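Q: Using the sequences plus the hints, can you model the full thing?
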Amino acid sequence: MTSDALLRCRGLSAAVEEKAILHEVNLEVAQGQVHVLMGPNGAGKSTLGHVLMGDPAYEVTAGEIFFDGADITELAPDKRSRAGLFLSFQAPVEIPGVPLRSFLRAMMEGRGEKLKNKEFRRKTQELAETLDMDPAYLDRELGVGFSGGEKKKVEMLQLLLLQPKLAILDETDSGLDVDALSVVSHGMELYREACDGTLLIITHNTRILEHLNVDRVHVMVAGRVVAEGPATLIDEIDAQGFERYEAAPADAAESALR
Amino acid sequence: MMGTQAQTFERASAMPAATWRFLGANDAQIEIPAGLSIQAGVKAEGNVRAGGADALDRALADAQAAWEAAHPAPTAAEEAERAAYLAAEADATYGGTALSAYQSGADALEGARSLAKAFEHGVGNEVAAYLRDVAGDCLLVKAENGQAASAEVVVEAASQAISVAAIDVVAEQGSTVDLSIVVDGPGAQPAGIAGTTVRIFAGEGARVNVARTQTLGEGHADIDDMALFAAEGAHIGVRQTVLGASKSFTGLAGDLRGDFAHVSIDTRYLGMGDQERDFNYALRHHGRKTESVMQANGVLAGESSKTLRGTIDLVRGCKGAEGSENETVLLVDEGVHNKTVPVILCNEDDVAGNHGATIGHIRNEQLFYLASRGLSQAAAEAMFASAIVEQAALDADTSAARSAVVRLGERVAPGFAGLFEEEVG
Amino acid sequence: MANDVIITASGKRRTQVDDIDRSLYDFRYEDADAERLEAGLTPDIVREISERKDEPEWMLEHRLRSLEVFNSIAMSDWGPSIEGLDMDNIVTYVKPNTDQKSDWESVPDNIKDTFDRLGIPQAERSYLAGVGAQYDSELVYHSMQESASKMGIVYSGIEEALHGEYAELIREKFMTLIPPTDHKFAALHGAVWSGGSFVYVPRGVKLDFPLQSYFRLNAKGAGQFEHTLIIVEDDADLHFIEGCSAPKYNVANLHAGAVELFIGKRAHLRYSTIENWSKNMYNLNTKRARCDEEGEIEWISGSFGSHVGYLYPMSILAGRKARASFTGITFAGRGQNLDTGCKVVLAAPDTAASVETKGISKDGGIQTFRSSVVATPAASGSKCTVSCQSLMLDDRSRSDTIPAMDIRCKNVDIGHEATIGRIGDDKVFYLMSRGMSEEEARAMIVNGFAEPISKELPLEYAVEMNNLIKLEMEGAIG
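Chains as they are written, first to last, in my numbering: chain A, 2 to 259; chain B, 39 to 463; chain C, 202 to 679.
Don't read these hints as lab results, they were simulated from the structure. Careful, some of the hints might be misleading.
What the hints assert, rightly or not - Subject to a maximum C-alpha distance of 20 Å in a straight line, what follows is the list of computed EDC-like cross-link-like pairs (lysine to aspartate or glutamate):
#, chain 1, residue 1, chain 2, residue 2
1, C, K522, A, E19
2, A, K152, A, E95
3, C, K584, B, E403
4, C, K584, B, D371
5, B, K327, C, D595
6, C, K522, A, E18
7, C, K628, B, D388
8, C, K466, C, D438
9, A, K80, B, E403
10, A, K20, A, E65
11, A, K117, B, E448
12, B, K285, B, E341
13, B, K357, B, E403
14, C, K302, C, D317
15, B, K357, C, D595
16, B, K357, B, E148
17, C, K421, C, D314
18, A, K152, B, E403
19, C, K302, C, D255
20, A, K115, B, E448
21, C, K584, B, E372
22, C, K584, A, E65
23, B, K357, C, D627
24, B, K357, C, D626
25, B, K327, C, D626
26, B, K327, B, E106
27, C, K628, B, E69
28, A, K119, B, E448
29, B, K327, C, D627
Every value quoted in this text rests on a predicted model; they were computed, and no experiment measured them.
A: Okay, structure coming up:
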């Protein structure tokens, strides 16, 4: 891959409570591209997303992460966010007591953006409508009583508001009905259009990828990236599943990389 | 008009069953300074009138008769059987079940079979009587059978003064009452007190909603007293928002007397600087299948302190009753002091009671989520504190309440008013 | 009488359950041979106790000071009534007619027979590293395996130890965790304490088998005031078991013991108690542990007996990363008012405490869970969780839950949850649909409820506890 990758991790290993989950992961994502990280349940895909974002629940035991030319391995998650990294959570947390709009405002102010209140209200309202979300949700407590679909829309709303350099979407498609799925797809397209955004999409199902031009696919099994290839790999996995990678991760990795 | 005499209520807002004294959490001390002028300072609008102070007492007396008819006193034989049963193990030397002072008091209260005696005030009957005395005329909000009534009461604090509103709510069978109370005052003031004492009678199937918003300035004390009675199938919902005042005392006691009665309480508060917050809740379940829900959510910053006593009392006979109590307190600064005493008292087996409390900093998964959006811990904490005020403004059900909250928000965080400019015009 | 099914007012069938079978504990011997002091409490009695024990002067002074405190402070007003306890009638000091022995054969027959029937010598042979047995006010037996004494472990009567190698250490620690000013019965204890054990586990020594003390109060109308002082030095490990019982009399007995536990850095102490005093007992016992850096105290506590109980073992986490856990069960039947729980003080950074308790009340019995969790400003990074469940077996009983949290530190996680209720009809129905009788189903559910506690007990005690519950639930006699 190119040396001017936007995100690059090298030999990245991570553990939770002394249990190793990621093993020497290498991954590069270039500016403006769409990458997909696939793998069976429990492969460590979400862990990689969280480790890239700096979740203190995980300990990086080896390797390093470069983002936008800087080593961010030791950087706190809020600083990574302000550097332009974004993680859409598979299970967004609920924050009782904090109205969604108050949270969005705090998020923007944290980046030094002083939006006029009226402008801010207009913008959040518009984005909600774009995502087919009832603007009344903006005044409700973040995540409290939201359906799974509403929670994911709130994640997309933040993606469009922040327009990060790189967005990691962790299973954003899981548990969504067809309508919500199309809204999420639409959100991803808008993000790409608005700022030539870069995507790393974590998924174990390929439906959400139908409308996207995928540049590169990474396959993760048992905490290792065992294969990497062009978009055609998606169709192969669709047809054959992950069995051949799971059976003998090392061999599979070799054959796939050949 | 005569001013106040100096007076201290040593055991105000006492919880029913006390615990270790070293914790200093059993009750609150309310001081009335000398020389406060007694102010009217109360504005009322809607279906509310002065006088008629005995309407509630009459409603309670009627309820007493109905309740007695439905709940005949135990016969002498039943009493004797029970006494013999409990005494079977005991003998003259160490008799009975060695009841604590609270336990024998509770037995005596139930034995008295008096709705009026069981109709207690959250800050204690002594303080409530004082407030009623200071308030003078009692305001009455009454909804006749099946009708609806709504009222707004604003208590305006003034410097070196005490301003109190006494309000009785009588919601007859199947009626609906909405009451909004705002206790507001300008910014920092020399000492003063503002308060309300509210008695609520919710008749069969009645619905009563009360929202009280307190936005007093520094230097003032707030006393918020409520006493609730819920007849069969009645629903009472109370929201208390405590944002201002150097000291606040919130006390609420309720009797869920009728079967299927329901009481829910939603408390939100903010403590800053050296503010002191005191809350005392006591809900007593008498009726079958009654339900109570207490929720409290607060943020403590600076060197503020807070005590919350919440008691769910499941009295023998309240078969199928459920009571729950939940508190979340976010501690933002090192100097804060939080006390929480969530009590369940129970002498009925066919019940469900539960309580939970979470005290401390922002949960790790929340903190990471907020960090992934660029918020440092300090920024996240500031957001939680201001969210309490924003939520209060969003939930304000009258323009008086909203303006009061926005004014307070502007006092503590200049620029706050701008967030609500569309709403306040 | 056993297993009667009665129909209650609500029409629900209930299994009539009887009291715990106490015949195992409820036997007694005349105390004609023993010396008794006059009932009541005066400075002269205190002097006499001290004189007989040939104590150092500082101890006599301590006793007299404590007596003054006792006379000057009021009884607390929040707990079960102690009106039935007439202090003038409690004989504070009853000395059995024997000196302390170190082999059971030398112990007088009636006392030896008592402990035989309680199973103490058998337990000693099978799984204990050492045993102390107190009969009324004095230790009558003390013995420890040679292997343990070779490791430098000291396990002896505390009065004996006051004259031994560790006298200074005892003076330094004695009643510092539980000062006589703490409450009225701590003051009483300070004035008239008698008997009890001293344990010293040297640095780095880990004892694989538990030590046990058994307290038997045989004399009618007497008080027992033993003092237990345990010092577990840095990196050492000990499991200590305490058992207590008494025959039943128709006058009040008083137990006001004190337990002080000092746990060094990285040291560990597990302190297990099964309390099964008779139902004329006022049990006003005080227990406290202090843990230094990374030290750990584990309390296992079962309260089944007594007429009135006030018992709240306290854990003071004084060193960074010190830990405490409290696992307790209280079972209150007819005529019992048991007020139990625990206290936790988080007084250093990164400490952790967890509390899990179960309460059961039946037949008009009252059980109260009372707790306090205090986090001082030094407790940054500390955590504490309290979980408390109560089970009501009928509607004549009472279960109260009175926890308090006093938090003066920002960076802490304090969680509390409590539930109360009865055995769910759905659960009983489910088990009955699988062929169990109603009482079998109810007994199984109650045993399951108590399981988290019983699994923490040594096997022999878990069996004893399960038997107590089973007897209770099945209503079986003898």
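Q: Where does the structure disagree with the numbered hints, that is, which hint numbers, in rising order?
A: Hint check: 13, 22, 27 fail, others pass.
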